[in-house]
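J.: Given next are the chains, with one letter for each unit.
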Amino acid sequence: MSSATREALPQGITWFKYAAPQTFFPLAGALAPWFAAIAVVLFVAGLYIGFFVAPTDAQQGEAYRIIFIHVPAAWMSMLIYLVMAFWAGVGLAFNTRLSHMMASALAPTGALFTFLALWTGALWGKPTWGTWWAWDARMTSELLLLFLYFGFMALQAAIDDPRRADKAGAVLALVGVINIPIIYFSVKWWNTLHQGASVSLKSAPTMATTMLTGMLVMVFACWAYAIAAALWRVRCIILERERRSDWVRDYLGAGR
Amino acid sequence: MNWGSAADFFAMGGYGLYVWGSYAVTAVCIAIELVSLARRRRAAGGPS
Amino acid sequence: MLEVFGLGCSRGERVLFRGVSFKLEARGLLHVAGANGSGKTSLLRILCGLGAADAGEVRWRGEPIRALRESYWRELVYMGHANALKDDLSATENLLLACALAGRAATPAAAAPALDAFGLAACAHLPVRALSQGQKRRATLARLALSMQAPLWILDEPLAALDVAAVRYLEDVLLAYADGGGSVIFTTHQDAAIGSRVPQRVDLDAAAC
Amino acid sequence: MLGTAGVMRSVIARDLTLAWRRKADVFVAVLFFVIVASLFPLGIGPEPQLLRAIGPGVVWVAALLASMLALSRLFAADYADGTLEQMLLAATPLSIIVIAKVIAHWIAANIPLVLIGPLLGLQFGLPGDALAVLALALALGTPSLSLIGAIGAALTLGLRGGGVLLALLVLPLYAPVLILGSLAVEATAAGLAAQPYLLLLAAMSLAALSLAPWAIAAALRISHE
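Protein sequences, first through last, are from chains W, S, Z and F. With the working numbering, the residue at position 181 of the first sequence is 181, and numbering never jumps. In short: position in the second sequence from 1, add 256, done, that's the working numbering. In short: position in the third sequence from 1, add 304, done, that's the working numbering. In short: position in the fourth sequence from 1, add 513, done, that's the working numbering.
It is worth saying that the hints were derived from the structure and are not from the lab. No residue lacks a Cβ here, since even glycine has one placed at the ideal position from N, Cα and C. Certain hints may be false.
Only pairs whose alpha carbons sit at most 25 Å apart, straight line, appear in this in silico SDA-like list of lysine to any residue [said to hold, decoys possible]:
hint : chain 1 : residue 1 : chain 2 : residue 2
1    : Z       : K440      : Z       : Q504
2    : W       : K188      : F       : I567
3    : Z       : K440      : F       : W533
4    : W       : K126      : S       : G272
5    : Z       : K440      : Z       : G499
6    : W       : K126      : S       : S292
7    : W       : K126      : S       : V291
8    : Z       : K327      : Z       : S500
9    : Z       : K327      : Z       : E367
10   : F       : K536      : F       : G675
11   : Z       : K440      : Z       : A464
12   : W       : K188      : W       : F115
13   : Z       : K327      : Z       : L435
14   : W       : K126      : S       : W276
15   : W       : K188      : F       : G570
16   : Z       : K327      : Z       : R378
17   : Z       : K440      : F       : G675
18   : F       : K536      : F       : L632
19   : F       : K536      : Z       : H429
20   : Z       : K440      : Z       : R472
21   : Z       : K440      : F       : A589
22   : W       : K126      : S       : R297
23   : W       : K126      : S       : R298
24   : W       : K188      : F       : A589
25   : F       : K536      : Z       : A428
26   : W       : K188      : W       : L143
27   : F       : K536      : Z       : D391
28   : W       : K126      : S       : L290
29   : Z       : K327      : Z       : R370
30   : F       : K536      : Z       : L435
31   : W       : K188      : F       : L578
32   : Z       : K440      : F       : E598
33   : Z       : K440      : F       : R534
34   : Z       : K327      : Z       : G341
35   : Z       : K327      : Z       : G310
36   : Z       : K327      : Z       : D391
37   : W       : K188      : W       : F150
Non-contacting residues of chain W with respect to chain S, defined by C-beta distances greater than 10 Å in every case (computed) [claimed, not checked]:
hint : residue
38   : Y18
39   : A37
40   : V90
Using the sequences and the hints given, assemble the complete structure.
T.: Here it is, written out as structure tokens:
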């Protein structure tokens, strides 16, 4: 944060204090294990409900149990891109490096969930329609979202200067987030016009309550996991970026 | 409890390959991410 | 009037300079000195609003240039190391475009004397790629003749690749411009005296760390 | 004082003069378009029924790729010789200059594709009205290709491996234009109305015209920091 902006801010706002990587680093270190613990607990609970409490589905038999990971992964892939774009916007608006670091920290986890959504979608599609890839509207948008994630990560990897990489990635993330609804709707029209509405991955057969709770628990589990992973990764990014600074040297020296 | 025996559980009504395929890959991916994070943390924290 | 407070800049992990402050009044000449790689070009780019500084602020007529943007750039002429010339266009076409970008309408008739003054009368209509390095530099500098009313010139190595006659002529232009109320910031490796005047000086080697 | 229109006019004139003096680049992009479109029948076979079915999609994909290849001419040369830096320091807002440059690039790079497109449509046996809609769809769709592509070009300025990286950044964002453009032509070939798709293409190009210049200008400033 350039000194000029800090003076310009009224002293009342102290949460800007956490915008400095140095003060956020220990906070992230403290929070991450908690979120990881919550994730483990929720995963176990969600899987238990999904496999042992939720009944067998009338039409799809046992294959539908894939939704307990497919739907959360799909939602997370979308949510993480939105959060990434939010941090990118904040980073550009307030010129805070930490927000950019947060966006870069989220990207790999978002790409991971997008890949999982595609993988589990294909494995779910095979028993229900007989083909691994049925060019369903949601799956096709998910594939394009995966390309957007790879584009963001590839752009940041291609730029050496961290400051430029942050800002360039941020612009791309914002352009991407504006295009996601456009991509989704054009793929939806494309799907319905070509194949008619017959083949579309319905989110799930009429959901028994236990199925729904199982899925929601899994969503929160993925959510907690994503936060933990992002916080750990942002700590790595902070250490890599601030390697020269004294506080990192002391921390590494002491924390050996 | 839905499953008579462990065998039923793994057979998953004949869809075992797909259901366990999904969950196994999920577990593997999460493990890969955690390992890469740990390795990156060690590299970042190593001799600067 | 340009004011600079505590400018700091780093390239990657190498800190180039810190705490650079100075004031440049109208009619002022400022020589930015420093060894190669001391950040002279980075400082000039920050002063233009192209580069981003780690710390400090640049104010033009009391307003931070970050806020002024176009109204600051309208009053600024910046010349970097690179000759901002398109090889496929002629010296005249390049000059007319430079004036258009600066918001001043210029006609070929107005461009001709500027190019003549810099000894390019004969090759004004040749594509620039046919010119020598010295001629290209003079084609870039010809723009100065048409920017006499811009209050601030920031020139990176203006005297490089010029022959003796061109150097003397450029010094006369700078002196005439300064006397007319303009202020100039420049870098050079030759001696910094412009004609008889000894310019203000900012030494980046001293500000390095 | 030269108004914004005057500056835009001189930037467009400058870029078109440069494109005119480097005509070879324009032909290369058009030839690429023709070659890519002509390869598909070799791979798929000459069976007219099948070619008519894939025609619109193939021509559109080839047009997309040709348009993307031309993007490198937009900023790269100006970045190399320092003229782009002067544009960042111009008296007129950078987004205005960027719009002028994209208009000039659209005229020099994409209009040839719009003219050649129907010719390639003939190769795929598309009927007359489908060819007319193809040209119209290309004309309405290529502005957003240029605008979105310009964002990618500005972001990847001066990066090694910029070409492939540009494709990775930009092609997913081209998907809606590709979908609607092909649908418009297929609808006409099937005797249905193509108007809704053409209107959507036009709407996307207008939206891109209003939003993209900000992003392009921001990306250019970031690349010069």
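J.: In ascending order, which of the hints set out earlier in this document are inconsistent with the structure?
T.: 1, 6, 7, 13, 17, 22, 23, 24, 28, 36
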